[in-house]
Amino acid sequence: MIITALIILMGVTMVVSAVFALHTKNLLMAVIAVGILSLFSSIIYLIMQAPDVAMTEAAIGAGLSTVIFLYALRRTTDRDVDDD
Amino acid sequence: MIKRALIFLVLAFFAWQFLLMVTGWEGLSGLGEIARHYMEKGREELGAANIVTAIVVTYRGLDTLGEVSVLFLAAAGIGFLLGAGRLSRKQDGGNAGGLENEKTRRKASEILETGSDIVVPAIAVFGVYIFVNGHLSPGGGFQGGAVIASAIVLLFLSHPFYSLNHGVLKVTESLSGTVYVGLGLLGLILAGGFLDARFLPVGEFGRILSAGAIPVIYSLIGLKVGAELVGILEQMRRPS
Amino acid sequence: MVTPIYIFIIALGIAFLLPLLERAKKGAAETVFLAALSGIALISWHWLFSLLTGRCEIGEIFTAGFRPPFSINLRVGMEEAVFTSAINLATLAGAVYLIRELSGRGTKSMMLYLLFVMGMNGMVLTRDIFNLFVFMEITGIASYALVALRLDTKGLTAGFKYAIAGSLASIFMLLGIIVIYMITGTLNIDSIASRMVSFSGTAAAGFVAPAVFMLVFAFMIEMKQFPANGWALDVYDSAAPGISAMISAGSAGAALFAIYKILPIAGEGWYMAAAITGSVTFVAANLIGLKQERAGRLLGYSSIGQMGLLLTVVSLGLKGSLPSWQLIAVGLFINHLLAKAGLFWLTGITGEDRIRNWGVIARRPFLLMMMGLFMAALSGFPPFPAFWSKWTLVMSMFSGGMKVWVVFILLGSLFEVAYLFRWFGYAVRGGVEDGESGDIVKGTPEKTAVIFFGAALLTAVAYYMMGKMIDNSTLMLMPLVGAAGLLLFERFDPRVRGIVSLAAVLYYGYMIIPGLSGMPLFFNSFFLGGGAIMLLATLHRRTASRGFYPMLLLMIGSLSALALSSTSLQFFYAWELMTFSSYILVLRGKKAMKPALLYMVFSAAGAYLVMAGFASAGGTVFGGAGDGIAGMSGSLQMLPFILLAAGFLVKVAGMGLHVWAPGAYAEAEDDSSAIISSILSKAGVLGFVFLFIKAGTAFTGSTYLYSTIGWIGAITAFFGALYAAMQEDAKKLLAWSSIGQVGYMILGLAAMNQIGWVAALYHSVSHFMFKGLLFLAVAGVVYRTGTRNMYEMGGLIKRMPMSFISVMIGIIALSGVPPLTGFGGKWLLYNALIERGWYLQAALAFFSSTVAFLYCFRLVHAIFLGQAKPAFRKIKEAPRSLIAAQYILIMAIMMFSMKPSILIKPIMGIVGERFDTLLTWQANTLYSPFGYWNGFAVMMVVCALFAILLVILLLISPKPQKVKQFNIVFAAERPETPETTHYAWKFFTPYERAFSGILKPAATRFWNAVGEWAEAVAAMSRHIYSGNTGAYVVQIFIFGILLFILSRGGLS
Amino acid sequence: MMEVLKQAGYSLATLMVVMNYGLLLVGLVTIIVARVHGRIGPPIWQPYINILKTLSMRTALSHGIMFYLGPVFRIVGGIGLLFFMPVVYGSSWMQNFSFAGDVILVVYFVFFGMLGMALGAAESGHPYSAIGIMRGLAQNTAAELPFALALMALAAQHQTLSITDIVAAQQGGIAHWNMITNPVATLAGMLAFFGMMMHSPFDVHLAPQEIPIGPPTEFHSSYLALMQTNRSIFHAAKLILFMNLFFGGATSIFVMVVKTFALLMVVVFAGVVFPRYRVEQSIRWFIRIPLAVGILAVVISAWK
Amino acid sequence: MKAVLVIGLLLMLTGFYGLMTRRNMIKMVLSVAITEVGLQMVMITAGFIRGGTAPILTEDITELASFVDPVPQALVLTAIVIGVAVNALMLAFIIRMYGKRGSLDVRDYTDSKW
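Respectively, the protein sequence lines represent chains E, R, U, H and P. Each residue of the first sequence is one higher than the one before, counting from 91 in our numbering. Each residue of the second sequence is one higher than the one before, counting from 783 in our numbering. Each residue of the third sequence is one higher than the one before, counting from 59 in our numbering. Each residue of the fourth sequence is one higher than the one before, counting from 2 in our numbering. Each residue of the fifth sequence is one higher than the one before, counting from 30 in our numbering.
In short, the hints are calculated from the structure, not lab data. Treat the hints with care, since some could be wrong.
[To be verified] Heads up, incomplete: computed chain R residues facing chain U, CB under 10 angstroms, no partners named: (1) Ile789; (2) Val792; (3) Arg818; (4) Lys823; (5) Leu847; (6) Glu849; (7) Ala856; (8) Gly859; (9) Leu894; (10) Tyr911; (11) Leu957; (12) Leu967; (13) Gly974.
[What the hints assert, rightly or not] Once the Cα atoms are required to be at most 30 angstroms apart in a straight line, the calculated DSS-like pairs of lysine-lysine come out as: (14) P/Lys142 <-> U/Lys652; (15) U/Lys505 <-> P/Lys31; (16) U/Lys349 <-> R/Lys785; (17) H/Lys260 <-> U/Lys1017; (18) U/Lys934 <-> U/Lys1017; (19) U/Lys349 <-> P/Lys142; (20) U/Lys648 <-> U/Lys500.
We put the CB at the ideal spot given by N, CA and C, even for glycine.
Make the full structure from the sequences, and use the hints.
What follows is the structure in C-alpha cells.
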C-alpha cells in the first residue's frame, strides 16, 4: 500500500518533471529534470523487482546520459529557442 | 491553428489507444513459455544464479552482441561526427554562444581533485566487481561498464585538462570486442552454437568461476561497454 | 554449408579490429574492409547457389546451443538467400564505389559501413522479433551516421531527421513487441504467428489490438510510407549519392523483408491496410516526383514509390490474393536494387544535382547508355526484371478481380515514367544551363566499373527471367541481340554501321519470311522490307550517330517480333521494346526533348492500357503458343476490347490521343521521321488487326464499339488533314498528314468487312511508300536548306529536281488522285463503308481527302515552286542514298499503280476467309458490290492522254524564250526583291478563318490541363515535406491515425 | 486490242462534240451575263477566236518544266473526267472509258486537273498565281463536302457507285429522276455544284485574273489555248456529271444538250444576282447550310 | 501495478507532445529520452508478476511462480543501452549542426525539402 502510494507519488513527480523539462526555458534545468526522472524510474524498477534494470537505468540512463546531455549543452548553448 | 488541432488530435488518439491498453491490461499471472524454461532449466543448463544475466549473455546472446555493436556504432558515429574535420562555425556564419576554449574552462577545486583521486580507482574497481559477479548478483557488463565510465566522468570533472590515453582506450575497445566475438566463435566450435557459453564447465552453482564462460563474456562486455562509453564521453567533452 | 553466423562474426570481428589498422600501412584497412564484405557476400551467394541447385535444405541456425524459442535462431531459406545475396552484392559494389570517400573519412566510416551491412543481413535472417529490432537499430544507427558522411549541413540535418524518425519507430516497435511477448510468452516469430491467431475475437483482442497496431505502424515508418516519409526524402536528397544508393537499395529491401516477417504476426486484417498504404504511397510519391527538379530527391521519390509497390505486392501475396507474388516481388526488388543504385551512382559521378543540367553526361556516351539502361529498367521496359514482374502483377490482379488496384499501380507507374524520362530528356538534350560547360564528367575507374557491373548484372537477371517467363525466348531475344551486336560496331564509320544494319535486316528477313504466311507474313515483309529501304536512306549520315543504328535495328526487330508474337506476353514485350527504341530515336532530334517526353508518356499510357486489356482478357487473348495472329478467332468481352482499342488508339494517334504525334514525328531526326511515320505508325494498325480478328463482331455492344472506332478514325482523318494544311513546318505537315492517313486505315478496319480490311492493308503499304517518299524528300531538302519552315524555301525545283519529282509523285499518290496507288485505297475504303452503311463516315473521309489536297499542294508549292530565296540559289541536290531510297519507292509506287492486282490479290489472300467475299477480279477490273475499278486501264488512259497532249503542246507552241524564275511583273513593275513575293506563309488563311471554330486545339488544351493539374497537385502536395523535423514528426503520428482508420476499414 | 482502239476513237469523237459544245456554252454565258448587266457582249464564237488568237501568238515565255506540264495536267484532268463517264445513256459510242471506273474515279479526276493547274501556275513564281490557286483550292474543297454527302446519299439510295447504273435507275420519266426521288440529295448536290462551277458568287479565285495578271494571263500563247480549251471541256463535263447523277442522264445528244444547258442557266442566273463571296465566306457558307442539307440527305437516304 | 503502467504511458504521451511541439533540437532529444523512460516502465510492468521476486536464483530454490518474468528485464536492458546510444548520436548531430549554423532551432535546418 505504502509502496503503491510511493509509486504514485514518484509517478506524479516524474510526469511533472517531464512537463517541466519540456517547458522550461533553461535547458540545463530541463536536462537535470530528465535526469531526475530517470533516477526515479530506476527506483521504480527496483520496486518492480528488476534490480539489473534499475542499476542500468541509474548508471546509464540517469548518470551517463545526463552527462552526455550536459556536455552537449556546453558545446552548444543552454538557451532555448521560441516555440510556436 | 490547424497544426495545434492536429497535435491535439494525435495526442487524443494515442491517449485513447493507451487507454485501451490500460483497461485491457491484466498483467501476467504466471511465467510464459520461455520464461518458465529459463527459470526452471536455467540453473542446470548454464548454472547462473542471475537468470537475467543468463538470458542476456547466452540465451539472447545475439541481442547482446548486437547491443554492444550499437554502442560501438554510436561511439564510432559520434567519433566520426565530432572527430573528423574541424568544427568551425564560420562555415555557415553562426554567431553567438557556443564552444568553450581552454581559457574559459575553470580548474576544479582542490577538494574535488584530491577526493576524486581517491574515489576514482575505487569506483573503477567497483565496476569491475559488478561485471565479474554478473552471473550471481544483479548487475553485469553494462552496469559495470557504465560505472567505470562514471569514474572517468569524475576524472574529467576533477581534472579538466586530463586527456585519456587514446591508444589504450582503442586497444581495449578493439580487443575486448574481438575477443568477445572470438569466444562466441569458440561456443560455435566447441559447444552447441554461436555464443554458447558452455564450452567452459558449468561448474558449481554460486561460484565466481561457474556458469561456463558467462563471467568471462560479461567481463569482456563490461570492458567493451566501458571503453565505448568513455569514448563517447571523451568525444562529447572534447571542445575540438 | 558455411553457417551464416559467420556473416556476423566477420562483420563484427573486422569492425572491432579496424580501429587498430588505422595507423597500419596505407590501404590495409581498405583491403581488409573489402575482403570482409566479400566474405559476407560469398556466404550468402553460397547459400543462394546451393539452394537454387538443390544441394542443401533450408538452413535453420540456432545460437547459444539452445533450440528456439529459447534462444535466437536464424533461417536461410530461398527468400532469405535471395535478399541477402542481392543486398550483399549491392553493398559490396557500393563499397567499391565509395571506397575513396570512406577511406578519406578514416576507418570509422568503414566500420559504420560494415555494421550497416551486417544489420541488414541480420534483419533478413533473424527469426526473433526482438533480435529483429536490434538489427534494425544497428542498420539505422549506421545509416544515420553514414548519411552525414560528407559532414555538410544538409547531410547532418538529414541524419538527425532520420534518427528522430528511427527512434519513433523503435519506440512503437518495442511497445508492440512487449505486449506480444506478454500474451504469447515467446519472442520467436514463428511461434508468435501461430499463437496470435488464437487471440482474434477473444477478450484479450481489445488489449492486443493497439499493440499490434503500433508494431505495424513502426514497420510502416521504416518502410517510409506516405505521408510519414518526409525525412526519408531528405535523406535521399542529402546523403552522398553512394550512400543514398545503399539506403535505397539495401536497407529498404531489408525493411521490406522485415515487414514480410511481421505482417503474419499482425494478422490477416492488416494485409489489406498494408497493401492500400503501399499503393497510396506508390501513387503519391510518384505524383509528387513530377515536380522534382533535383536528381537525388527525384530518385528518393522513386525509391519510396517502389517500396510502396513492393509493400503492396507482399501484403497482397501474404493475403493470398496474388498467386505468383514471390516472383513479382523478387523481380521488382532486384530491378529496383540495381537500377536505383545505378542511377544514384551516376548522380555521384556527374556531381550534378539539378536535372536540368544533366546535359553534362551527354558527352560520355557510355554513361549515358548506362543511364538509359537503368531508366528502362526502372520504368519496367523489357527485358528488365520489372517488366516481367509488372506483367505478372497486372495479370494476377486482374484474374483476382482487383481492377482498382491495377488502375492505381499503372497510374503511379505512369507518373514515374514521366519524371524519369523527363530527366533522361535533359540528359540527352538538355545541354548545360549555367556555365561550367567546359567540365567533362569524370568518373574514377572503380566508380565507372561498378556502374557497368550493376548494368551487366541487371542484364543477366533480365536474361534469366526472360528465359523463364516468355515462350520462344530465343526468337524474342533477336532484336536485342542484334542491337547489342551492333554496339560492337559503334567505333566504325556510320556508313559501315548502316550497311551492317541493312545486312542484318535483310538476312533476318531472308531467314524468317519464307516460313511465314498470313498476317505475320504481311507485316513482316512490310516492316523488314520497309526497314531495309529506310536503312538505305540513312546511309547519307556522316555524323557520329551514336546509338542510332542499334536503336533503329532494335525498333525494326521489335516490330518484326510484334508481328511474330503468338502470346499476349510476346506481343506486349515486343510492343514495349518498340516503344523504347522509337523513343530513343525520337529523342535524337535536336529539339526533341519535350516531344520525346510526350511521346514516351503517351506511349507508356497506351502500353498500360494494352497490358490491362490483355490482363482483363485473362491473359489469353492469344490462345497460347503457336496461336499466332493468323490463327485467332473467337470473341472478347467488352472491357478488354475497350482497353486494347484505347491502347492502340494512342499508338495510331487517334484524335484526342494524338497530341504526342506531331511533335514526335516532326522533331525526330529527318530520316528517323521517315521511318517512324511510315513504318512505326503501322504498329497500331497491326494492333487493331489482331484485336479485331480476336474480337470478331459477335460480342454484345460490338456494333457501337466498332462504329465508335470508325468515327474516331474518320474524325482523325479529317482533323489530320485540316491541321496539316495549317502547318508552316514541312515535317509537321507530313506528321499531321500521317496521323490523318492512319485514320483511314482504322476506319477501314473498323468497317469489319473484306473490302475494309483490304483497304486498310493496301493503304498501309501505299502509305508507307508515299509517306516514306515524302519524308525522305523533305529530309533531303531540310538537310540542304537547314530549315523546316516551308516559307523560307521556295523555287527549289531548279536546284533539286529529283526531290521535286519525288514530292510530286508522292503527293499525287497521297491525295488519292488516280492513277497512282492512293486512289485504290480510297476507292476500296468508300466501297467498304457503303457496304457497312457508314455513309456519313464515308462522306467525311471523302471530304478529308479533298482537304488533303490543300496540304499536298502547299507542300510542293511552298518548297519547290514560287520564288527562290537567295540563300538557296546554290544548294545541291539531296544526298545520293536519300535519292536512291526515294526512287526505289517511286518505282514501287509506279509498279503497284500499273497493276494494283499484284498488291491487292495477296492482301485479299491474307485477309482470307474471315469475312464474306465481296471483292472479285475480272481480268484487271476489281468488282465490289457497288462499283468497279480497272487500275490498269485508268493508268493507260491517263498515260496516253498525257503523252498525246504533251506532244501536241510541244508541237503547237513556238520555241519559248526561257526566263528567270523571278522575272515577273508585279502591278506593272518588276519587283526589286522578287524573293519576298513568295506567297507561302499562312497559306490557307481563309480556311483557317472559316474553320476557326473547330481548329482550336481542344485535345492539346485538355491534356495540357491534365498535365498542369497533375503538376499542381504535385506542387501542392509536396509542400507537406517542409523540411521541418517537427512537422515530419506530426506527419508520422498523423500517418499512424490514418493507418489505424485504414486497418479498421480492413478489419470490418 | 481492237476493242480498245475502237473505244478510243469513239471517245475522241465524244470529246470533239463536248469540246465544241463547251466552247459555245462559254460564249453564251458571257453574252447572257453581259445582257443581264446591260451590255451587248461579245459574239458567241468569241472563245474560238480567243483560242485561235492565242495559238497564233509568236512570243512565248517559259518559266520551266512545270510550265509545260501544268496545262497538260490540267487538260488531262478535264478530258479524263469526261472520258471516264458515260455521256449518253445507252449509246455505245458515248460510253467512253466508263468501264474503267465508277463515280469515285470520276470525282477524283476533278482533282487531277486542279492539281496540274496549280502546279503550273505556281511555277510562274508570281504571288498572285499562288493566291489564286489557294482561293480556288480552298473553295473547291469546301464545296466537296456537300457534294460528297450527296454522292453518298445516292450510293445509299441506289446501292451502287456505277454512273451507268445510277442513270439506268432514273430512266422512265421525270418521276424516276433523283431530283424527284431524292430531292434533298439533289439540293445538296446542286448547292455544291454552284461552288464547283466557279460562277458568281463563287468566282473570287478568278479575281487575280481580273487584276491584269494571274494564272491565265501568266500563261499565254499555246499554253493558254490549251487551258481555255480545257475550260470548256471541264465545264461541260461537270454539267454532264451532274446531269447523270441527279437529272436522269441523257438518252441522246439532244437531251444532253437541253439538260446541261438548263443546268448551266440555273447556275448562271442564280449567280448573277448575288454579290461575290470572299473565300472564307463561301467556305463558311458551305459548311453551314449545304452541309446540313447533305447530312439530312444521307440520313434520309440511308433510312430507306 | 497498473500505476506504473499508467505512469509509463503518460510519460510516453508527454514525450510525443514534446517531440511534436518543441523546436529546440535538444528538447526534441529530451522528449525522445522521456518517451523511452516511459516505454521502459511499460516493458518492466509487462514482466511483473504480483508477488514475484527478482529473477535471481538462490541455493534453496523456491517455487518458480514467485519470480517475476526475467525476459522483459533483459529486453529493457538492451533497450536502455540502445536508447542512450541513439540519443548520444543525435546530440553529436546537434553539436555538429550547431557548429555550422549556430542555432538549435530545428526550423533553421530545412535546406532539403519538397
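Hints and how they fare:
1. This hint holds: isoleucine 789 of chain R has a C-beta 6 angstroms from the nearest C-beta of chain U, less than the 10 angstroms allowed.
2. Satisfaction of the interface hint for valine 792 of chain R is found here, the shortest Cβ-Cβ separation to chain U being roughly 4 angstroms, below the 10 angstroms cut-off.
3. With 10 angstroms as the threshold, the beta carbon of arginine 818 of chain R comes within range of chain U, its nearest partner Cβ sitting at about 8 angstroms, so the hint holds.
4. With a least beta-carbon distance of about 8 angstroms to chain U, the hint placing lysine 823 of chain R at the interface is held under the 10 angstroms criterion.
5. For the restraint placing leucine 847 of chain R at the interface with chain U, the shortest Cβ-Cβ distance is roughly 7 angstroms, inside the 10 angstroms limit, so the hint holds.
6. Interface hint at glutamate 849 of chain R: satisfied, since its Cβ lies 6 angstroms from the closest Cβ of chain U, which is below the 10 angstroms cut-off.
7. For alanine 856 of chain R, the interface hint holds, since its Cβ comes within 10 angstroms of a Cβ in chain U; the closest pair sits about 6 angstroms apart.
8. Using the Cβ-Cβ criterion of 10 angstroms, the hint placing glycine 859 of chain R at the interface with chain U is satisfied: the shortest such distance is roughly 3 angstroms.
9. Evaluation of the leucine 894 of chain R hint against chain U yields a violated restraint, the C-beta minimum of about 32 angstroms exceeding 10 angstroms.
10. Residue-level restraint check for tyrosine 911 of chain R is violated (minimum Cβ-Cβ distance to chain U is 25 angstroms; threshold 10 angstroms).
11. Taken as an interface hint, leucine 957 of chain R checks out: its beta carbon lies about 8 angstroms from the nearest beta carbon of chain U, inside 10 angstroms.
12. The beta carbon of leucine 967 of chain R comes within 6 angstroms of a beta carbon in chain U, closer than 10 angstroms, and the hint placing it at the interface holds.
13. Given the 10 angstroms rule on beta carbons, the hint for glycine 974 of chain R holds: about 2 angstroms separates it from the nearest Cβ of chain U.
14. Distance check on the hinted pair: lysine 142 of chain P and lysine 652 of chain U sit about 27 angstroms apart at the alpha-carbon level, within 30 angstroms; holds.
15. Only pairs whose Cα atoms come within 30 angstroms are accepted, and lysine 505 of chain U paired with lysine 31 of chain P is rejected, the gap being roughly 58 angstroms.
16. For the proposed pair lysine 349 of chain U and lysine 785 of chain R, the alpha carbon gap of about 25 angstroms is at most 30 angstroms, so the pair holds.
17. Our distance criterion of 30 angstroms between C-alpha atoms is broken by lysine 260 of chain H and lysine 1017 of chain U, whose separation comes to about 42 angstroms.
18. The straight-line distance between the Cα atoms of lysine 934 of chain U and lysine 1017 of chain U is roughly 29 angstroms, inside the 30 angstroms bound, and the hint therefore holds.
19. Distance restraint check for lysine 349 of chain U and lysine 142 of chain P: the Cα-Cα separation of roughly 12 angstroms lies within the 30 angstroms cut-off, and the hinted pair is therefore satisfied.
20. Proposed proximity of lysine 648 of chain U and lysine 500 of chain U is supported: the alpha carbons are some 25 angstroms apart, at most 30 angstroms.
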